[in-house]
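Asks: Listed here are the chains, written in short residue letters.
2 protein chains.
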Amino acid sequence: MIDNEYYSQAVHGPYETFNIGDLALEEGGTIRNCQIAYATFGKLSPAKDNAILVTTWFSGTSKIMEQAYIGPGRALDPEKYFIVIANQIGNGLSTSPHNTAWPLGMASFPKVRIGDDVVAQQRLLKKKFGIDTLALVTGGSMGAQQTYEWAVRFPKAVKRAAPIAGTARTTPHDAIFSQAVADAITSDPAWAGGWYEQPHAVREGLSRHSRMWALMGFSTEFFKQELWRPIGFSSVADFQLNFLDATFLPMDPNDLLCMAWKWRHADVSRHTGGDLAKALGRIKARTLVMPISSDMFFPPADCADEQKLIPKSELLVLESLWGHIALFGLDAGYNQQIDTALKRLLASAA
Amino acid sequence: MIDNEYYSQAVHGPYETFNIGDLALEEGGTIRNCQIAYATFGKLSPAKDNAILVTTWFSGTSKIMEQAYIGPGRALDPEKYFIVIANQIGNGLSTSPHNTAWPLGMASFPKVRIGDDVVAQQRLLKKKFGIDTLALVTGGSMGAQQTYEWAVRFPKAVKRAAPIAGTARTTPHDAIFSQAVADAITSDPAWAGGWYEQPHAVREGLSRHSRMWALMGFSTEFFKQELWRPIGFSSVADFQLNFLDATFLPMDPNDLLCMAWKWRHADVSRHTGGDLAKALGRIKARTLVMPISSDMFFPPADCADEQKLIPKSELLVLESLWGHIALFGLDAGYNQQIDTALKRLLASAA
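Chains as they are written, first to last, in my numbering: chain A, 2 to 351; chain B, 2 to 351.
If we strip away everything but chain A, and leave its shape as in the complex, we get (with noise of 0.2 Å):
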């Protein structure tokens, strides 16, 4: 265990925090008594048919799902339905390398695959909320990779399903990019093999991370036409520095691997003795699909090819210059997009 500010209430709050019990992981290690860290909004009809599952993203937390995707006349009401984020195990809010005690945690802590997360996150939805079916399951990045997994791991619980800008199955330039991701982690000395013993000893690469995040996660187009302007930049450095150096610098670099290779792992297939086809076969969920027109590592392109497996489903490309990070909801248009998408999406019959 490390302290780090960062996750806390005050940066992140209000969440609450769920004992699930022992989770024993896909790859061999237990997690025991996993918390999951979570945020709700609205409440739960008599028929607990109005649930709403939010999972996160790459270093996301409950908090910017809240804040991007949330709120009165937004597609996720919470005048409406009763939204769960859950904060996916690594991410620094739930059970991660950082907050699990020496000497279990940090450079000890097991490997996580996104199975693991969603099948905490059901485990959750019962045992709190007695939660079985959900309206719909929606995310981003690996939010997206968790959507999937519930579609094709629980079919039946899962009546919608909007994975955005991610997919089911890593692809190989996707895996280039987590394995880069960790690199630049990796590659500082200070991170000492996962044993560092200050909380932001590491920055050296956690700066060069948020450079990777700069390289891959907006788009050519972004850059050229200065769209950092309107959101308060006054240059690409002085984006850099108070905009990805101040969102990635604050946390945890195990917390970060852990996740990274999460994410390079991500493969419904595994359920299916590797038949990508058999497994989104599987999908009872009405299924919309959306990638990001200009997002440079899940292209339009390879959402398309899963989407196209999927048996009631349809692609919509989210038309953005914002590449991936269209995501952080900073992009009118997409905003809007996205709630008209979801909007028509969760009043179509399930």
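Calculated directly from the structure, the hints in this document are not laboratory data. Any given hint could turn out to be false.
No distinction is drawn between identical chains; accordingly, a pair holds when it is met within one copy or between any pair of copies.
Once the Cα atoms are required to be at most 30 Å apart in a straight line, the calculated DSS-like pairs of lysine-lysine come out as [stated by the list, open to error]:
#1 LYS225 to LYS279
#2 LYS225 to LYS313
#3 LYS225 to LYS49
#4 LYS127 to LYS313
#5 LYS112 to LYS225
#6 LYS285 to LYS225
#7 LYS225 to LYS309
#8 LYS129 to LYS309
#9 LYS225 to LYS127
#10 LYS127 to LYS285
#11 LYS309 to LYS64
#12 LYS309 to LYS128
#13 LYS225 to LYS344
#14 LYS112 to LYS344
#15 LYS225 to LYS44
#16 LYS157 to LYS127
Remember, it's a predicted structure, so these values are computed and weren't measured experimentally.
With chain A's structure known, arrange chain B on it following the hints.
Replies: Leaving out everything else, chain B in the frame of chain A:
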């Protein structure tokens, strides 16, 4: 100076070197007795009107340009043209950080710009061969940057120009990539501020550098369709090791950094006080701008924006799933397109 067996006639020959004298650099330094390494093919006509200049890309030498672009029956046909391939400063064959005597080389090597290369090349062509005009200047990537610089700086000397997969002014996103390429090297403690004592000490940094090329040099489809397989590799890891690491790890880190800086700062609008339209408007050459369809850091849109500013110009997008590295000539379809295009350009009135 540091001995490195990679930069030798055995690996890159045959090539010759020419002393262009002292080269006063745009950034304020001077290279004394600057050597330009070059290779020639074919015979210069008595009227000296059949000369073609081929420039080199980041990390490339005259050898790869010869292998990928020159031959009987191809557009760059030694039976018709006198072809000079000029190695850029810093590429390890021409004057470079690694081959400059201590204490003036390595980390002390001065900053070099694309314009310095073009001035050096013009001296080589004039002093060594008496060439005043060029039937064609062509090159890919940083070679395209040199091609644009030639056409803007010496408009009367360049009859035709074919910049491939490169821009006249580095875009902000391309600058982020070239910085990431450099960071991969300098972040290795073995780089030691540029004063490593063994030529291959910086292997971790160079390996990360080669992974940056895996990330940005090809395309998502290249990896998805396993296009590394038909060229003799058995997995992504094998391709990474035996293609990319085998390509980059023998190179000199400071030489690569010299070129990466030059790449990042390429900008023909330095001739016109920052006015890119005015600079490109100066070009008299018939210009064929050829981006590669799946290029991730010199995307067609960026090349098209510049092409519109060039008077006698045309845009031709080369279709390839090989991304930027289609330049290497391992995609037969790319080679066919480039030959057809260059033959047509060479047949057109200047």
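Asks: Work down the list of hints and note, for each, if the structure agrees.
Replies: Each hint, compared with the structure:
no.	hint	in the structure
1	LYS225 to LYS279	between (42 Å within a copy, 19 Å between copies)
2	LYS225 to LYS313	between (38 Å within a copy, 25 Å between copies)
3	LYS225 to LYS49	neither (48 Å within a copy, 42 Å between copies)
4	LYS127 to LYS313	within (26 Å within a copy, 69 Å between copies)
5	LYS112 to LYS225	between (39 Å within a copy, 26 Å between copies)
6	LYS285 to LYS225	between (42 Å within a copy, 27 Å between copies)
7	LYS225 to LYS309	between (34 Å within a copy, 16 Å between copies)
8	LYS129 to LYS309	neither (36 Å within a copy, 61 Å between copies)
9	LYS225 to LYS127	neither (48 Å within a copy, 38 Å between copies)
10	LYS127 to LYS285	within (20 Å within a copy, 72 Å between copies)
11	LYS309 to LYS64	neither (33 Å within a copy, 45 Å between copies)
12	LYS309 to LYS128	neither (35 Å within a copy, 63 Å between copies)
13	LYS225 to LYS344	neither (33 Å within a copy, 33 Å between copies)
14	LYS112 to LYS344	neither (36 Å within a copy, 56 Å between copies)
15	LYS225 to LYS44	neither (44 Å within a copy, 44 Å between copies)
16	LYS157 to LYS127	within (14 Å within a copy, 77 Å between copies)
Violated hints, listed in ascending order, are 3, 8, 9, 11, 12, 13, 14 and 15; each of the other numbered hints is respected by the structure.
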